[in-house]
Amino acid sequence: MDFAVELRNVTKRFGKVTANNGVSFSVRRGEILSLLGENGSGKTTLMNMLSGIYYPDEGQILVGGKEVTISSPKDAFALGIGMIHQHFKLVDVFTAAENVVLGLDEKGKFDRKAISDKIRKICDAYGFELDPDQKVYNMSVSQKQTLEIIKVLYRGADILILDEPTAVLTPQETEKLFSVIKNMRDDGKSIIIITHKLHEVLSVSDRVAILRRGEYVDTVETSTATELMLTEMMVGKKVSLNIDRPDPVDPVERIRVEGLTCVNSDGIKILDNVSFTANGGEILGIAGISGCGQKELLEAIAGLQKVESGSVEYFMPGETESRQLIGKSPKQIRRLGVALSFVPEDRLGMGLVGSMGMTGNMMLKNYNEGFNFFLDNKHPKELAEEIREELEVITPSLNTPVRRLSGGNIQKVLVGREIASAPAVLMTAYAVRGLDINTSYTIYRLLNEQKKKGVAVIYVGEDLDVLLELSDKILVLCGGKVNGVVNGRDATKEQIGMMMTNLSSESEGGSDE
Amino acid sequence: MSNSTRIGREPLIRISKKDVAPWWQKAVVRVVALIAALVIDAIFIYLFTKMNPLDVFSTMFKGTFVFDYGTTFFINKLLRTLRDMATLLCIAIALAPAFKMKFWNIGAEGQVLMGGLATACVMQYFGDSLHTPALFMLMLTASIVAGAVWGFLPAFFNAKWKTNETLFTLMMNYIAIDAVACMTNIWRGDKSAMGTINQATQAGWFPNIFNQRFTLNLFIVAALMIIVFVYLRYSKQGYEISVVGESENTAKYAGINVKKVVIRTMIISGAICGICGFMTVAGKDQAISTATAGGYGFTAIIVAWMAKFNTFYMAIISFLIVFLEHGASEIANTYGGLNDYAASVITAVILFCLIGSEFFLNYSIKLRKGSKKEA
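Protein chains in written order, with numbering that gives the first Met the number 0: chain S, 0 to 512; chain R, 0 to 374.
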């Protein structure tokens, strides 16, 4: 068998943590291999060893049948291995072409035309669209990703590793990416895609290699695989694929947003006349391409974002009078008696204090209650203990800085705290981003529990399948405007995908991208 | 493996992050670092001066500990080290809240000077008219206010207009130095040097305890050490400082008024520096000059960092630094062949090794395994 890359018993440890334990698998020439695994299963670590960022503690790597030592990204390139990272490594003020040749140690003069020609040739060969002279800061996320891939191809890679390439793309962009990936495969290149989206695995790859908790499980032919089977191999035990969706319990109006407009530092309207209502006992999903105002919308309601105009009214359970939230700080909103919980997108940079343990983080929002000069450690500690038990947070101790926990455990701490404060409104931004399937389902379950309690849940999400299965209603944002609200029970994925990318005729003045 | 193509080899040395080291390992690493430093120093001394390194080290030791001159002398020498340690520690304690908030206050020198200047002013102008308790109260209050103002200004401008606190606090030092120079010029008049304040009446001088005026300083600093430790770790305001230092967004999310915390913390930081100035003038020098803070405002930054803002570790580190400093001047006084600079090299090597040893606590180093595959 003609293997492009073969790993034999590769092991990598970080301190006490074993990221990869005796992993062996291989990639053929001209195939797309999906590397599937939950978060923390060691996918990225393994690929980083192929691309020369880490060096394995044990085991061998064979490229083209020969044993090799990859001790730096340069070695990896020399072997034709190129990795496209989840977070792009581009220089913003450079053009595409400049970024492509950056770091190449070529003799001779800097020939822009030759470089551009070579880039265009690569584009034509595989169906990429890229302007070599465009500056990176003018590029969309998907253009930046294209550039990263071309950068790797320019260096002559025939083994490409893509780390969660679709995480930042819209469904349409994903389609496009998959078609160029298939073109590259047909050209004889080997492609490894790291992902945990099952439907993508099934639609794009030839074979799937599965990792679980740092260990290699198996490789299967995609043609014989099913979602259920892959999930079972991935998580090691049966997980129901259906997200529960209880019927709303007598929905009452809880939050009414009217004409909300926010302007960013460049003077661009990031939210444009947004109006909607969120009911208690319902989950309102918010869909949209990332950066369409979701973050600003939630932060405006939470009192963290400066608002140009508009109003956000809150209806206290059991009261008819509303309370205005705009123009108030988070503290004032809390003093108003508004039980508002917010799970922000940036977990460690906004929702939690990374250097503190669970206990310290439990008191973040209510440490200041009472007149005592000193902190009350007792209650936060009890709460931390409770959350650790109930949500199965894995942490060496309640005082271990939460920054050192895994992504899923960090999110459990944050969501646990926000739910523990018995909210009437619960807003979550990308609550399951980067989480493994088990933790994601735990989060869905928690949100549904809140919904059943009559809480108005606002769920900003990126995975349309999840939004469609979880939400009662889905509000679609497009370029800072509301492009319609659909019923979660009968909307289709294509319908929402279209609404995300094309402003409907009634939302006047829209630009279609 | 004859057909193995080696694209580069396994690197000779690889560095990887380690788990938190147990306490005994920390102790061992530090002791080894100290021994290594002494060995390097010994080689340095022998190579350049041909003196016996052990003699030089014991002289260094005598900068702080003297056993053969009788008890009084011993106590005096030790007290003198403790006195300087107290000054250094006091400033480091003052910096701890600001640094924990990631507000880089490098204006301690100026804040101390302003505290000292305020104290000197009160001694100069009210020394004869006020009763002792009232005089001390006024001196203390004035020094706290002066230091706090010097801390408040950069914090206010930072909170209001996002000015850079590092540059602002640094420049405030020079204003303080010139303010002191100006006042001392006024006071000394035609004399060639500024003398001791209230030489005759001793008004505003700390009382003699153990035959030393500065003994009171030690107690004040010890108290501050405990107070600031408790403040940072157990108070709500200390919690706010930690949150703001970690992430301003998190602080806003939690409903913390970031500007208020920044200003309040810098007032505290400046005020403690002011107290340090008060102690230096009333307890140590009984005089004021541009050298009153003696550069400790900057040395304290290293102390605060090395101690990771724990005030008790700060005590140990400031003692070490002052011990080395006194040892170095003792060497310079004793040997003609080793001047101040050579003595500084000796202390520098020790500090270098101690700080550098931190690396071995955070990372482990692996050597390439035997090259058996070659042949």
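These are computed hints drawn from the structure, not numbers from a lab.
For glycine and all other residues, C-beta sits at the position ideal for the given N, C-alpha and C.
Hints should not be assumed to be uniformly reliable.
Using C-beta positions, here's what the derived DEER-type ranges look like [said to hold, decoys possible]:
#	chain 1	residue 1	chain 2	residue 2	range
1	R	Val229	S	Arg255	30 to 40 Å
2	S	Gln133	R	Val229	19 to 29 Å
3	R	Asn184	S	Lys134	52 to 62 Å
4	R	Pro132	S	Ser321	20 to 30 Å
5	R	Thr140	S	Arg322	44 to 54 Å
6	R	Thr140	S	Lys88	19 to 29 Å
Hints, one by one, checked against the model:
{"no.": "1", "hint": "R/Val229 to S/Arg255: 30 to 40 Å", "verdict": "violated, 47 Å"}
{"no.": "2", "hint": "S/Gln133 to R/Val229: 19 to 29 Å", "verdict": "violated, 57 Å"}
{"no.": "3", "hint": "R/Asn184 to S/Lys134: 52 to 62 Å", "verdict": "holds, 58 Å"}
{"no.": "4", "hint": "R/Pro132 to S/Ser321: 20 to 30 Å", "verdict": "violated, 60 Å"}
{"no.": "5", "hint": "R/Thr140 to S/Arg322: 44 to 54 Å", "verdict": "holds, 45 Å"}
{"no.": "6", "hint": "R/Thr140 to S/Lys88: 19 to 29 Å", "verdict": "violated, 56 Å"}
In the structure shown, a violation is registered for the earlier hints numbered 1, 2, 4, 6, in ascending order.
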